[in-house]
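J.: The residues making up each chain are set out below.
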Amino acid sequence: MPLLSDEDKKAIRGHFNLITENVTVTLTKAPGKSETETILNELNELSTKLTLIVVESKKESAMLPSVSIGSTGRILFRGTPSGYEFSSLLTGIIDSGRTEKTLSDETMAFLNNLQEDIHIRVFVTPTCPHCPPSVVLAHRMAAYSDRVIAEAIEANEFPDLSRKYQVQGVPRTVINETYSVEGSQPESYLVEGLKKHMEKQS
Amino acid sequence: MSFKVEIGLVDSGAGQTSGSYQLVIAGGGPAALSAAIYAARYGIRHVVLESWKPGGQAALTAEIENYPGFSSIAGSDLTAAMKKQALEAGAVFRMETVEGTKEIDGRILVKTDSAEYTTEYLIIATGAAPATLGVPGEDKYYGRGVSFCATCDAPFFKNKRAVVVGGGDSAVKEALHLIHVVSELGLVHRRDKLRAEPYLAKKLVDHEKVTTYWNSHLAEVTGDDQGVTGVILDTPEGRKHIDTDGVFLYVGTIPATEPFVSLVELDRKKAVVTRNIVGTSNPRVFAAGDVTNNGFRQVVTAVSEGARCSAAVFDLLESKA
Ligand SMILES: Cc1cc2nc3c(=O)[nH]c(=O)nc-3n(C[C@H](O)[C@H](O)[C@H](O)COP(=O)(O)OP(=O)(O)OC[C@H]3O[C@@H](n4cnc5c(N)ncnc54)[C@H](O)[C@@H]3O)c2cc1C
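Quick mapping for you: the protein sequence lines, in order, are chains E and B. Note that our numbering has the first sequence beginning at 567, numbered continuously upward. Note that our numbering has the second sequence beginning at 157, numbered continuously upward.
It cannot be assumed that every hint is accurate.
[Claimed, not checked] Computed footprint of chain E on chain B, listed as stretches where at least three residues anywhere in the stretch have a Cβ under 8 angstroms from a Cβ of chain E:
1) 299-305
2) 358-370
[Unchecked claim] If you only want the chain E side, here are some residues facing chain B, beta carbon under 10 angstroms, derived:
3) Ala577
4) Pro597
5) Glu601
6) Ile605
7) Thr657
8) Glu672
9) Thr673
10) Pro699
11) Asn722
12) Val747
13) Ser754
Treat the hints as calculated values from the structure; they're not laboratory data. Glycine included, each C-beta is placed from N, C-alpha and C at the ideal position.
Please work from the sequences and hints to get the whole structure.
T.: So this is what it looks like as structure tokens:
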């Protein structure tokens, strides 16, 4: 049985019509059957602009499954992108396949001036309707600046990591180990907060 | 396992379209979505400015059983269907937070975190945010055991203990959601009886996993560097410490009216004072849903008020045409 209904497929096909540039999606997974692979295969059928690459990893320490959008390896999903995570994945794919501006001028200026790399981890659960904006924002920042890596992490699938970052509520955005934000925050608040934090640190 | 197909965020990247409109709708919950459906269908030149919580509070509840037409539907599925309907009707959404508003030369200036709009009419549908109690530990442990969203955070409390504070419909519904996951649930309420629908209240109070603390107040949330470890309650028998891993707060809401203080009259509780259901003290401004002082805060009332707002704007635009 397919994971996506005909109605979902129709809706996604419509949204994928917005894609003008080719998009590569890379899945790294453990050997064996994977629901993430099934859903990505179904997505792959819905646009000629999509290319799916599947890599098997036997590394025990790897955070699998892992989905990377584009060729930079900086826009990542860790864990099965189900529930609302799937909406974030669709948005990430469509964003990557378009040239539209997705960030405010202030955010772009901030990213242009970055003197150090930043690593954004957004912890989410599939049942969190307010999580996608935080994931999409982090991924847009990573798409814009090669100083940014953004990971959306399914907190239930990586309990050790969730414990390490003290995640008991989502979304929780952790930046460079030192700065964290609870809940869904507007772009300007996240960037302002981060800016202040970085100034204090330097 | 389900896969949610919602891509309302695609066209909502920040800072693209400052401009001039007939109508700005502020909010992204049921009231704003309903206003958007009607505004789009009436052909009103509009933009919906929704902050970072798509679907509003309604999206945060696992089950809605009292919205006509659905015996049971996930709140987020209901709001996603409203959004889809609005987009199909031609509604235009931007993911921006309204920060301030003022009247200039008979128009309203709406300033967001990344753009500025001027408009003939404004609909305030910014709903409400969860109230907090201001007790020690509440802020400190937010996201580390203190939560306002059982639907989002329940998985972290599997086979653990949780406490729910509150006695209204939301508290009881969300406690009933948590009960499937947690090992024990404490219910703390400041009265001796729940305000929630009697059928739900009985189901909760009778549940074997539930311990009730009547006439009790949350005095403090305690914890260590891993997160919440307990709560201190003021009970009729004196102070009590209860071990718990999570604290879910449903102690009312505060209307999100900060950006509109200079535009419309607010009541003591910061709600927009309405007249004739959706009118306000300002003839160019209408208000719908939980942001108003209309009482009875439900999805069904929010959508009905949202529709009335757009209809009122349409009539005004028509009368000038
Ligand atoms: C846990 C829980 C369970 C519930 N269960 C039920 C139920 O079973 N049945 C029922 O009918 N009702 C239920 N309710 C109540 C219902 O959710 C609300 O009455 C309804 O969501 C109100 O809709 P609204 O659009 O007025 O406001 P909200 O839902 O609060 O939406 C407000 C929106 O405005 C946005 N916003 C806020 N400030 C700004 C700003 N400055 N700029 C731009 N946008 C802004 C927010 O991000 C949000 O999207 C429940 C509520 C809760 C919390």
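J.: Go through the numbered hints given earlier and state which of them the structure violates, listing their numbers in rising order.
T.: 2 and 4
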